[in-house]
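Protein sequence lines correspond, in order, to chains G and A. In terms of our numbering, the first sequence opens at residue 1 and continues consecutively. In terms of our numbering, the second sequence opens at residue 1 and continues consecutively.
Since the hints were derived computationally from the structure, they do not count as laboratory data. Accuracy of the hints is not assured; some may be wrong.
What the hints assert, rightly or not - Reference listing, derived: stretches of chain A covered by chain G, where coverage requires no fewer than 3 residues with Cβ under 8 Å from a Cβ of chain G: (1) 31 to 44; (2) 55 to 66; (3) 89 to 95; (4) 110 to 117.
Keep in mind the model is a prediction, meaning the values are calculated, not measured. C-beta: ideal position from N, C-alpha, C; glycine also.
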Amino acid sequence: MTRRRTSLSERVYGALLRLFPPDFQRGYGTDMRDLFRDHLRDARARAGLRGVTALWIRTIPDLFFTGFHEHEDEMLHAIVQDARYAARILRKNPVFALVAILVVALGTGAVSTIFSVANAVVLRPLPGVPDAGDVVSLQRVRRDGGGSRSASYPYAAYLTEHAKTAQVAAWEMIPLTLSTGDGGLLAQSNLVTANYFDVLGVRPLLGRLFTTAEAGIGAPSRVIVIGAGLWQREFHGDSAVIGRDLRVNGQHFTVIGVAPPSFNGMFPIVRTDAWVPMNTQPLVRRGGDLLRSVGSGWLELVARVNPGASRRAVATELSSLTKQFSAANETGPSADIGQFSTVQVARATGLPMDAATPVLAFFGVLLVVSGLVLLIASVNVASMLLARAVARRREIAVRIALGAGRRRLVRQLLTESVLLFSAGGAVGLMLSFYLTRLMTRIELPVDVALAIDPTPDARVLMVTLGVALVTGVVFGLAPALQGSRGDVASTLRGDTSASARSRSRLRNVLVGAQVAASLMLLATSGLFVRALARGHSVDPGYDISHTATALVDVGVAGYDTTRSKAFYTALTERLRAYPGVTQVAYTRVVPLSMNNMGYDVAIPGHSDRDGNSTTNLVAGGYFELFRLPIIEGRALLESDDERQPKVAVVSEGFVKRFFPGASGVGRQFKLDSSTTVTVVGVTRDVKFAKLDEQSGAMLYLPIAQHWRTDVNVLVKTTGDEHTLAGPIRAEMHALDPMLPPPVVVTLERSAGVALLPQRFAVGVTAALGLAGLLLATIGLYGVLSFSTAQRTREIGVRMALGAAASDVVRLVVGEGMRVVGIGMAVGLVLALVGSRALAPFLFGVNPLDAVTYAATATILGGAAMVACLLPARRAAATDPMLAIRQD
Amino acid sequence: MMKTANPRSFIPLRPVEFLILVTLSEQEHHGYGLTQAIAVRTEGSVKLEPGNLYKVLKRLAADGLIENAEHRVVAELDNERRRYYRITTLGERVAALEAERLRALLDSDAVLALAKRLGPA
Chain G
1 MTRRRTSLSE RVYGALLRLF PPDFQRGYGT DMRDLFRDHL RDARARAGLR
51 GVTALWIRTI PDLFFTGFHE HEDEMLHAIV QDARYAARIL RKNPVFALVA
101 ILVVALGTGA VSTIFSVANA VVLRPLPGVP DAGDVVSLQR VRRDGGGSRS
151 ASYPYAAYLT EHAKTAQVAA WEMIPLTLST GDGGLLAQSN LVTANYFDVL
201 GVRPLLGRLF TTAEAGIGAP SRVIVIGAGL WQREFHGDSA VIGRDLRVNG
251 QHFTVIGVAP PSFNGMFPIV RTDAWVPMNT QPLVRRGGDL LRSVGSGWLE
301 LVARVNPGAS RRAVATELSS LTKQFSAANE TGPSADIGQF STVQVARATG
351 LPMDAATPVL AFFGVLLVVS GLVLLIASVN VASMLLARAV ARRREIAVRI
401 ALGAGRRRLV RQLLTESVLL FSAGGAVGLM LSFYLTRLMT RIELPVDVAL
451 AIDPTPDARV LMVTLGVALV TGVVFGLAPA LQGSRGDVAS TLRGDTSASA
501 RSRSRLRNVL VGAQVAASLM LLATSGLFVR ALARGHSVDP GYDISHTATA
551 LVDVGVAGYD TTRSKAFYTA LTERLRAYPG VTQVAYTRVV PLSMNNMGYD
601 VAIPGHSDRD GNSTTNLVAG GYFELFRLPI IEGRALLESD DERQPKVAVV
651 SEGFVKRFFP GASGVGRQFK LDSSTTVTVV GVTRDVKFAK LDEQSGAMLY
701 LPIAQHWRTD VNVLVKTTGD EHTLAGPIRA EMHALDPMLP PPVVVTLERS
751 AGVALLPQRF AVGVTAALGL AGLLLATIGL YGVLSFSTAQ RTREIGVRMA
801 LGAAASDVVR LVVGEGMRVV GIGMAVGLVL ALVGSRALAP FLFGVNPLDA
851 VTYAATATIL GGAAMVACLL PARRAAATDP MLAIRQD
Chain A
1 MMKTANPRSF IPLRPVEFLI LVTLSEQEHH GYGLTQAIAV RTEGSVKLEP
51 GNLYKVLKRL AADGLIENAE HRVVAELDNE RRRYYRITTL GERVAALEAE
101 RLRALLDSDA VLALAKRLGP A
């Protein structure tokens, strides 16, 4: 009985010894089994079955850990050995190694650069926020998912108070004028609830952040937290800044803390200079006291999901809280908030929720494009490895003859390719450091200071390395398998034709793949070029030339309605007096800046309520400045002020939609269900926010009847609009030296924002397309040269039998172009299918645009032809007698 | 003659390596004897399992600090045959150096003050 149990334990132990590497088993297996038997005897003698059990409990981990350890050692040893050998081989062929590394670097560099930018803009977790994975953005949408609505303060406070699954905070971006006495400075700031920093888990660099001391909406807490950047720029990093008095929009505030440098707010690509608590809203933000208004939506919501809760649970709870809140407030001007009762919860990406998806899609397209370059580069290197495998077949045959196993050979060849790709990946990463540095120097035509840092971080490093390793294995595998398939006898005899056929088939597949990838790449690039051209030639319906615009908000400097109106009147008069200035106007929204505003429009007797008809508030000579013709009635006049009946100018599209078949002038509609407005004029349809929008119902209201203190001043000149910045700043300074100097941009530049994604895409895809074309052409040339060189003897025989030089050229070119043709056909099919993903970025250019594909095929075909002709002509110059005698 | 390695290059040893070398410096041992001797020496606090023991023995052998002796019949183990291990000259030098290092550490002011403050354990 005991004998059997003993032998069972021993047998199991013996079996488990197979966990160890064979070498170790050979050296120590018997000894270990002996020692185990000794321990077993002791254990049984001491405590019987219990002792045996205890022994096994100690033994199992011992076997697993040491077994694993020994394997690791052995593998590491083998890998190091392989890598040493591979490095030696590569050192012997420095040109081959260098070219391969550079080609891989080009491909990985492309991927890693694009990924760096995507990472900086949308992928990276919120910087400076611990456990950013738990931080989510909230958005209220209609039941059907369409339309979204910002939060009012009472609503945000309701969620904060009642939510059990998450901590909710609210914030808004606002511009503030800061001054310490001498001159003002425009600070991009956030108005935040007192729990904002707590919810995000941000700790102060200096002083303190907001606490319950700043909570509530009673008396304003006149305190401000400044960003580390502003602290360095304006206060030279002086810690005495805490407790210092700072004028915020003319009011005395105390600096209580400095935020850490890593933290840059919820939209980290936009620089954030300062934070003020929510209860200062009446002091710092236009629009009166918003804190008690249920109807005004103006806040962004952010939440941290509580431990143990899921996003789905948060969405469910907040949606039901929202329904309760709406039910309790379903009267008065907030009647429509009940429509927005579904709360969407999404990872906080650092972008507005509705922007994240298109931005991700855009970078997705660019990543695929850069992936194509990497594909071409990798295939290129694979062809090179394959060609080298042919050249090395003697070495390999010798090694096989000497007893090297196939697995061992494949591993060796794979190590070489992985080494090449890793080195290429490292160089590619350096390339992306350089390229991203270049990118940060590009000045973007936007009127906010950005803080995009596309420098590759650890995540980019991992991705690049991973990509390099995977491509190294994938593209090294086929050549390695081919290379190790040595037909020893025939190779050593010098007979080369045996395995040549399968090799040339693989080569052709590789060339075809490169051509297909190139075609897709060039087609993408071509489509973006067409889109950009279309974007430039689109007529928005008005004239934006010779015009500059400046965003001015005297409200942030504490101006009330009367004072601000007087200020703008005075500024207009001063600017109109400048030589060359032909027109000055105001607009709430600058056309073609991708911005939009909407009012709720209701027509009596018309069931179609338009909740989002495009609206602009304008003043002065807006219609003259843009040469917008008034087709019927009159333009808006400066006399249309708050004392006069409410009026509007509408577009033809507006008339067609709401008053079909009739004249628009004299008709009335309700604005935001309260104000009755009379149409006094009709103008033509325009593309207002973006060039790729459909012209539609558009509404112009006199700004004096819907006063806002934040307006864009428009100045048109007969001269160079770039010189207008000086006069605009000088006149503002003359009127009030405490106002911060505004950012002045020309309208054409500002309109360029609309084309920014396309311009970026054209730049990137053109560079990548060129790189891809070059790589593919060189690859084709290399492969064709190689295979014709291999066939020198055959060509010699053909020529000796009477083939003319032109026949040889036709033979070689025909063979090359056949592969190219198949590759192009495959690429065309893939491009036609894949280009659908580009449609949203093309300004209505058909993704199947015939011109683009024709041009792409011509360019690629031409380049391929050249790549084929060169080796063909060399082959045709073969001396048959020499060729036949070769070998 | 084998290439002689510098004993200093092995210092410091891991505690279990030092224990094995010191135990082997008294007499040759088979695996079981070694685990028993070490258990006695450490008052049962170090119990070596086979995997761990032979991993260390392999390393020590590869470094030339110990070597395999012949198999012998062991009376107390039912007259079974066991392989014996013995320390090399290099191993003895390394063990001596390690002992010196530990002695210096034990004689350091910090350790003496610690002992004085807490009294004998």
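A quick look at each hint next to the structure:
1. 31 to 44: With 3 residues in contact (Cβ-Cβ under 8 Å with chain G), the coverage given for the stretch 31 to 44 of chain A holds.
2. 55 to 66: holds (count 3)
3. 89 to 95: n = 0 at 8 Å, threshold three: violated.
4. 110 to 117: violated (count 0)
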